[in-house]
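S.K.: Okay, here's what each chain looks like letter by letter:
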Amino acid sequence: MSRRVFITGYGVMTAIGANGPENFASLRDKQCGFGKLEFLDTVHRDSIFCSEIKLSDDDLCKLASVPPNAGYTRTTLMGLITAKEAIDSAGLSEAQVRNAGIISATTAGGIREMEKYFHELQNPQFTGDLLAFLDTADPGEHTERLAEVLHIKKYLATVSTACSSATNALILGARLIANGVADCIICGGAEALSKFTINGFNSLMILDKEHCRPFDHNRNGLNLGEGAAYLVLESEEMLRRSGKKAIAELRGYANVNDAFHQTASSPAGTGALHAMKKTLARAGLDVIDIDYINTHGTGTENNDLSEGLAIQTLFGSHVPPFSSTKPYTGHTTSAAGSVEAAFCLMAFQQDVIFPNINFSQPMAELSIRPITEFIQGAGLKNILSNSLGFGGSATSLLFSKC
Amino acid sequence: MLINRTGIDCYINGAGMISPQKTYDNDAFLSELTQYANNVLTCVLPNFKDYINPFQMRRLSRMLRMGLAAAAICLRDARLKTPDAIITSTGYGFQEDMGKFLTEILQQDEQQLTPTYFMQSTHNALSGLIALSVKCMGYNTTYAGRGFAFETALHDAMMLLQEKEAENVLIGSFDEAYPVQHSEYIRMGYLKRERVNNLQLFESKTEGALQGEGVAFFMLSDSALPHTWCRLRNLHMVYKPADYGSLSAELIDFLAENDLAPGDVDVLVNGTSGDIVRDQWSLAIGRDCFGHAADVRFKHLTGEYATASSFALWLGAMILKNQTIPEAVLANAAPPRRPFRTVLACNHFLGRYYSFFLLTRE
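Chains W and B, in that order, give the protein sequences.
When the letters of the first sequence are read in order and numbered with the working numbering, they come out as residues 1 to 402.
When the letters of the second sequence are read in order and numbered with the working numbering, they come out as residues 1 to 362.
The shape of chain B in the complex, shown without the other chains (with noise of 0.2 Å):
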């Protein structure tokens, strides 16, 4: 299920992406990095009121804000004032928010609650902020499925493409660093014990990732135009792959359907996420199969979090737009092949989810 044969058109026509690197401005690609010495790394923040204006910025939480703010750049980017649908994913959701109104409800025996709270952390309060900031009355939802939250907005939007039923889909994901679910994480061997630098992530050698957050906007049109970044061709997922042999077969499996072998694939976008023991299968499809191919990681860059692919998305589009690669995500030591025409970006998430994009740029 889910390879889809019919080659839609789908563009990558703008973007919008906030993390804990400085990525909200499209025109510097990786340019200044930012170290984080404590397990957790958070975003680097635009200035808001450049997006939104002052009046609705006071009610709004920092990840609403981050998401306005995503949403704003993404759509500048993609010279539109509004698309025709609108989908959101989190893995997670408002968790700070969620934790507030939760902590009211156990310290103030449930008397007396801000219902700010409560209205900020349903999961659709993003999709539904958009639609109202720019006057969308269209196809609006968010989906809220762990490590295939993101992949099923972006199948959902390349399904609307080819039904017609839009021309331009704002598609997102937001998910945020919280610290109950990071001792959780902890508990579980997810994230890791020990201290350790986020720049020199793959060099660790233990069970767990870091800890991170982002949110991403893409307008994803039916139409290429001059601005537009590249081609979404194709989406796959895989869950819980029975072992490595048969996720490997349906990465060749998902490349032949596109009428691509693993040869053509020029850029290697590989979402490990510095866990020895998580990342074993993504480490060894890049081993086993694109040798030939620039090896790109950002999870040191990023941290790990549940729609951490759309982080891979737009740095496959980055690349793909720009023709460069830079040298912090490169991690071959022979300088790549050129031109850049295919990309392919294989995420997992805990090891269970996995997903593989393809963009290609003629």
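Chain W with its partners taken away, still in its complex shape (with noise of 0.2 Å):
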């Protein structure tokens, strides 16, 4: 029998902020993390902008209260980070944790730190600090330092499926609980920017020089950006021992194929499409139920086409009110549905929708346009948020207010 699944606590980081409220506050003023980057040493930091997290590395060692020069990567340092906001704001107790699992979600993992020291890291005479960065380029090694800090041990899982990462981490938590496997879950995704994924996206000429337009017929690429958020998924069964509310319940999700392009969606957006259809089918809610999408929305021309023509043809005349909050925080690839998944919590919290800012023109093969203002008392129920990924992944996910 198929359990009941239940978010309890979240933790986000990004250019926009160190914290859910410091999101928050952000995502409610406009407030964008687009900008030049400080803190990543590339030969492009005048010419392609992102949304970097405006903190050093030694910063990050403060919050996560770890000591610095000891090998904790960039990502591994916002995922403890935001895993212990997570764990905080659910209230778990340190026996809770221990009994938790824990699947994290990423894909450049500590590539940044491979790729700042390679040649030291390559060099057999070389010693000092730096040598604890060896064998951390990996996604699974940030998994093992979040469960030796977290003191988990009964279940760690790494998740490396491109954009779509941190949902099919939110996926393989939920039907864990669903399946009896397990109570808690800790789950998301936390990625670094690095020279590797910069110079990834901009040689295949998906990068837009300027802030990126999320649906706009003049759209031209996606920004970049870095960030982590951790979700606390509980069962009912827990829940009820608590006695705790939680924020929503993880109704409906799925993980679906385009089977169309190594890289890209198929234009019609097919594989978001039935993405969607077996998100509403699990939550047993129909298109007129859906209060808000948050989107994929990634900017380039093809993903808003493919994402649009999608919701266009589920929703018809009921197309809910929509966007994207990548302008925001840039598209934080492997974090970005855990940090998506955060920002509905958030609508749901204070009953809002994130507008979708720099859009004013609409894109001549939709009838459908996003929501630009900020719109308080929204009544949410139930969100739908997409996440869509290179290798024709399709996810999508249903939360529902507690």
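No lab work stands behind these hints, which were simulated from the structure alone.
Because the structure is a prediction, the values reported are computed rather than measured.
Glycine included, each C-beta is placed from N, C-alpha and C at the ideal position.
One thing to keep in mind: the hints can contain errors.
[Said to hold, decoys possible] Taking lysine to aspartate or glutamate pairs in the EDC-like style, the calculated list, with each CA pair at most 20 Å apart, reads: (1) W:278 with B:167; (2) W:278 with B:257; (3) B:100 with W:135; (4) W:209 with B:84; (5) W:116 with B:110; (6) W:209 with W:88; (7) W:116 with B:104; (8) W:153 with B:243; (9) B:240 with W:135; (10) W:36 with B:110; (11) W:277 with B:84; (12) W:278 with B:104; (13) W:154 with B:257; (14) W:277 with B:165.
[What the hints assert, rightly or not] Ranges between beta-carbon positions, derived for each pair: (15) W:130 with B:292: 47 to 57 Å; (16) W:4 with B:256: 36 to 46 Å; (17) B:49 with W:94: 12 to 22 Å; (18) W:119 with B:55: 33 to 43 Å; (19) B:109 with W:122: 17 to 27 Å; (20) W:209 with B:45: 22 to 32 Å.
Hints in hand, dock the two standalone chains.
M.R.: Structure, rendered in structure tokens:
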């Protein structure tokens, strides 16, 4: 029998804030993180702007309460800070954390440190603090570190499906609870900016040198960002025992594949359409029940067309308010799914809808347009959140307010 | 956590294995062995043209070719064109392509880079590519958590079968021997410094393993068919056990949850890596609980890699399917008791990640 899955806490860090409240204030005040890179050393510093977290690695070590120069990658530090915030906000005891599982998502992991110290780490004669960064480039490393600091040993898993990674971490966590394997899972994703990622997306020619414009006719690509966010998922039984009130129920989810192209979505949005349909079906809800969609909305030619058409096809004459929050945070790639899930939870808590900024001209192919003003008293009950990515990955989550 | 008490119907209905031995042919069972004298074991490759169309192949990296070929071998073996879901797993991903892109970034000062290296280095590049090749629009994901990556994939697949989300799940693993990782691992004591011939691995009395690699695919299905290899009864993972006592207690509990005692196990596939420091508990498990069982080892044939437990699964399933244990993998002197009905695979990776797979054939 499938059990219900509840969300009791979250933590989030992006270029617009180091925690939940800071992120909310920026979203409310239309404050964006897009700007010149200060902490990542790249030749593209003056030409490719990103949404960087304006904290040094040493600052992050302090926020994470770990010593500096101990081999914690920037991805791990962001993960630690937000996982701890999630645990605090869910009010989990130390014993509850020890009995929980952790599922973390990343793609670049510690590549930032590998590219920075590449020659030192390859030199067998080299000695010093930097050696703590040996064997820290792979995705699994940050999960080991999170598990170690949080004292979690019972279950750990690492997801890596590019831009849908954190959503897939949430889906796996939900299924572990639904299937009765676990009662409490901390899941999400973390991804620091790296030369690797910036040059990768740049080589694919999908970066907008200007501030990105999701769903706009003149959109010209995405902006990259860095971020991390974790959610605490709990079973109904565990909630009943503690008497705690959940923020939302993770009522629907789906992971499907577009099977169209290695790095692009099908123009008709087959994958996104299928993912949203399956998610609604699992939740037992209809299109008219959805009050807001937090879109993937990267601002690339391909994504917004594909996702926009999928929304238009599925919702027909009942398209709910929708927006992309990517202009605020940039595309936080592997963390985007959990960052935006955290934004959906904030939307419930404050009963607001965050606007899709930088939108001026509707796309010729679409008859729908995103919400461009901050809406208060939105009466939100059900929110859909999409994440799409490389490899044809198409995922969707449905949150219901508790 | 993670002992599944419901007894899911989960069968291995096909496999495709590319490893440092000639394993891509499911009709042969380790009949010819390959020796490696330089501590790095790399895959014995099939003729890719038999599995991949030449037009597509030109653009693919060695690992993607291996992955696509192993998936094709598995699909043919399972007599299936399109699975309902695809799950891949890797410890370290496409390190060579990642390394090529990184090297270009550093050497060319971030100019004129080759996007193919970036695209093909994403961890889910293989699961996406297979979906594209076989037009599978179902569930598709990739796990990249070191010594539990393959275990997470297996467990996910079993849940998909239980949820009736899928009837046939194609699951796979891939990891490659990569020089940068090799030098880092030597430095950390995970790999041996002195030269050891792989076929004499278990005679070495030093710290560290040999570097290996491999690509494996399995078809996990909810129903048994005439060509079914065996049943996958259950799996269990133990991360950083506090001591030997707690590890062996978890193993005994795991067997008991499946109504078995150690005496019921006919074959123990033990993932000892030839590392005298990190093999201790695995060796002790074999000695203390399974003295009666066939003692099967494999990392002298494959080397060590994060998803080597997939080779343990393949080996256990091959033994059940063929009812034979090749001499090259049998460590005991005495002939094993027959028939082979129950196989327990116990793997460890770096002495931190332990996993148990339980396989049966009636």
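S.K.: What hint numbers does the structure not satisfy?
M.R.: Violated hints (numbers, rising): 2, 4, 6, 12, 16, 17 and 20; every other hint is consistent with the structure.
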